[in-house]
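Full structure from sequences and hints, please.
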Amino acid sequence: MDSGDAIRAAIGYEERIRDFYAEAAREAKGDAARALYSALGEDEASHAAYLKARLAVLERTGGIDLPPLDSALPDPKHIEASIGRAAAGTAGEALGGEVGALERALRAEEETSAFYRDMVARLPEPSRPLFARFLEIEDGHTRIVRAELDQVSRTGHWFDVREFDLED
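Numbering of the sequence shown is given in my numbering, commencing with residue 894 and proceeding in unit increments.
Misleading hints may appear alongside valid ones.
Estimated spans, in silico, between C-beta atoms of each pair [what the hints assert, rightly or not]: (1) Asp1011 to Leu962: 16 to 26 Å; (2) Gly897 to Pro960: 43 to 53 Å; (3) Glu1029 to Asp958: 12 to 22 Å; (4) Arg919 to Pro1017: 35 to 45 Å; (5) Gly956 to Arg1000: 32 to 42 Å; (6) Arg1015 to Val950: 16 to 26 Å; (7) Ala946 to Glu1029: 17 to 27 Å; (8) Ala925 to Glu1018: 39 to 49 Å.
Hints in this document: simulated from the structure, not taken from any laboratory. Just so it is clear, CB atoms sit at the ideal spot from N, CA and C, and this is done for glycine as well.
Dropping the structure here:
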């Protein structure tokens, strides 16, 4: 896979997950869930636009330019702290709403991160920084969704660390 093919594939990942979040926001029962999915969807939409611009430059010049790529979402650590403060709140509706939608979101984020991880490992050096930045952002999305899923499902785990069990 060359850089152009990798960018085209990345656009596909970003557009699929953007569409998933748009649908999840429409179907969300609570305002908090709708806000979370909308924010994630907007971030994914900005990723697709950024990648389309990078592809246009690549096709025009043969090189990849890397203007800064920011995430519209707060730092995952800030969100994790907020979720932690909300942990004493109502189970099932914290930030993200329904467990099924969060599970699908987690799978989509993990799949997208895996794609970027593979591109960082496989592509030639000039292309790696582009995909490494996307990997960093998507890993952040994965952490946000996983934290929310842990909170909503009350599995006894917090970011994959066992916090309690029924025998505590």
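The hints, checked one at a time:
1. Asp1011 to Leu962: 16 to 26 Å: Taking Cβ atoms as reference, Asp1011 and Leu962 lie about 19 Å apart, which means the hint holds.
2. Gly897 to Pro960: 43 to 53 Å: 18 Å, violated
3. Glu1029 to Asp958: 12 to 22 Å: Between Glu1029 and Asp958, where Cβ atoms are some 18 Å apart, the hint holds.
4. Arg919 to Pro1017: 35 to 45 Å: Check passed, 40 Å falls within 35 to 45 Å.
5. Gly956 to Arg1000: 32 to 42 Å: Roughly 34 Å apart at Cβ, these two residues keep to the hinted range, so it holds.
6. Arg1015 to Val950: 16 to 26 Å: 21 Å, holds
7. Ala946 to Glu1029: 17 to 27 Å: Check passed, 19 Å falls within 17 to 27 Å.
8. Ala925 to Glu1018: 39 to 49 Å: Holds, since Ala925 and Glu1018 (Cβ atoms, about 42 Å apart) stay within the stated range.
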